[in-house]
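A.B. asks: Listed here are the chains, written in short residue letters.
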Amino acid sequence: DIQMIQSPASLSASLGETVSIECLASQGISNDLAWYQQKSGKSPQLLIYATSTLQDGVPSRFSGSGSGTRYSLKISDMRPEDEAEYFCQQSYRYPLTFGSGTKLEIK
Amino acid sequence: EVQLVESGGGLVQPGRSMKLSCAASGFTFSNYYMAWVRQGPKKGLEWVAAISYDSSTTYYRDSVKGRFTISRDNTKSTQYLQMDSLRSEDTATYYCARLYVYYGSNNMDAWGQGASVTVSS
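Taken in sequence, the protein lines are chains A and B. The numbering used here puts the first sequence at residues 2 to 108. The numbering used here puts the second sequence at residues 4 to 124.
The hints are simulated quantities; they were obtained by calculation from the structure and are not laboratory data. Any given hint might turn out to be false.
[Stated by the list, open to error] Using 30 Å as the maximum straight-line C-alpha spacing, the simulated DSS-like pairs for lysine-lysine come out as follows:
#, chain 1, residue 1, chain 2, residue 2
1, B, K68, A, K43
2, B, K68, B, K46
3, A, K104, B, K46
4, A, K104, A, K40
5, A, K43, B, K79
6, A, K75, A, K108
7, A, K108, B, K79
8, A, K75, B, K46
9, B, K45, B, K79
10, A, K108, A, K40
11, B, K45, B, K22
12, B, K68, B, K79
13, B, K22, B, K46
14, B, K46, A, K43
15, A, K75, B, K45
16, A, K75, B, K68
17, A, K75, A, K104
18, A, K108, B, K22
19, B, K22, A, K40
20, B, K22, A, K75
This structure is a prediction, so every number in the text was calculated from the model and none was measured.
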């Protein structure tokens, strides 16, 4: 199975700040990396797929990058509605696997 | 509007069975792979199973192989998860998810509200 190591586990940011979340895959995943946002008490929502393609309706302050085994999610201009937990997921091979999550809160 | 609505969760004793259903609407169900993802209490996301458009191919995580069965009925736009020999570690919220297959990659682009399953005596 492909392991996804996500960091940091938690993050605190001020409004307007830029934050980054990292995911490291245990083997190459050919840019088949997705990011999800889960707000408290809600279902996850797809933000980004194929490393950098924004899902419809996702604000452009979200961006993704990476290659090989290293991937990242950047949130620019932090807004109150961005407070949530974020998960990466390798979409390359079954079994599909997720990172352990990053809790992002407003400072 | 794409909607996925799970049903069938609840409290079940260890070793017993439970069947979850997921009714889909707002899209052509038979055009999509479907999946189940679970989230234990205060835990992260864990993919459970997936099924192809025509049910010809199914995938399971190792910990549920031989105990869980994913299926679908395209005439009813509904997928199912039959869970047998349930264990306490299966306690979780189970999400139904639509799989968007993009150049071979499998992304979950729509999610249900979740069904809570508690395995306890």
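A.B. asks: With reference to the structure, classify each hint as holding or not holding.
C.D. replies: Hint check:
For the suggested pair B:K68 and A:K43, the alpha carbons sit about 28 Å apart, so the restraint of at most 30 Å is met. For the given pair, B:K68 sits about 21 Å from B:K46 by alpha-carbon distance, which is consistent with the 30 Å threshold. Under the criterion of a C-alpha separation no larger than 30 Å, the hint pairing A:K104 with B:K46 is consistent with the structure, at around 12 Å. Pair hint A:K104 plus A:K40 holds up; C-alpha atoms about 10 Å apart against a cutoff of 30 Å.
This hinted pair checks out: A:K43 and B:K79 have alpha carbons roughly 26 Å apart, not beyond 30 Å. Between A:K75 and A:K108, the direct Cα distance comes to roughly 17 Å. Compliance with the 30 Å bound is thereby established for this hinted pair. Only pairs whose Cα atoms come within 30 Å are accepted, and A:K108 paired with B:K79 is rejected, the gap being roughly 47 Å. The suggested pairing of A:K75 with B:K46 holds, with an alpha-carbon distance near 23 Å, which does not exceed 30 Å.
For the hint linking B:K45 to B:K79, the alpha-carbon distance of about 33 Å lies beyond 30 Å, and the restraint is violated. A C-alpha spacing of about 17 Å is found between A:K108 and A:K40, which places the hinted pair at or below 30 Å, so the restraint holds. Restraint check for B:K45 and B:K22: the C-alpha separation of about 23 Å stays at or below 30 Å, so the hint holds. Distance hint between B:K68 and B:K79 is fulfilled; the C-alpha atoms sit about 26 Å from each other, no more than 30 Å.
Distance restraint check for B:K22 and B:K46: the Cα-Cα separation of roughly 22 Å lies within the 30 Å cut-off, and the hinted pair is therefore satisfied. Under the criterion of a C-alpha separation no larger than 30 Å, the hint pairing B:K46 with A:K43 is consistent with the structure, at around 14 Å. For a cut-off of 30 Å, the pair hint linking A:K75 to B:K45 stands: about 25 Å separates their Cα positions. This hinted pair does not check out: A:K75 and B:K68 have alpha carbons roughly 36 Å apart, beyond 30 Å.
Taking the CA atoms of A:K75 and A:K104, the gap is about 14 Å. The hint holds against a cut of 30 Å. Under the criterion of a C-alpha separation no larger than 30 Å, the hint pairing A:K108 with B:K22 is inconsistent with the structure, at around 43 Å. For the hint linking B:K22 to A:K40, the alpha-carbon distance of about 27 Å falls within 30 Å, and the restraint holds. As the CA atoms of B:K22 and A:K75 are separated by approximately 39 Å, the hinted pair breaks the 30 Å bound.
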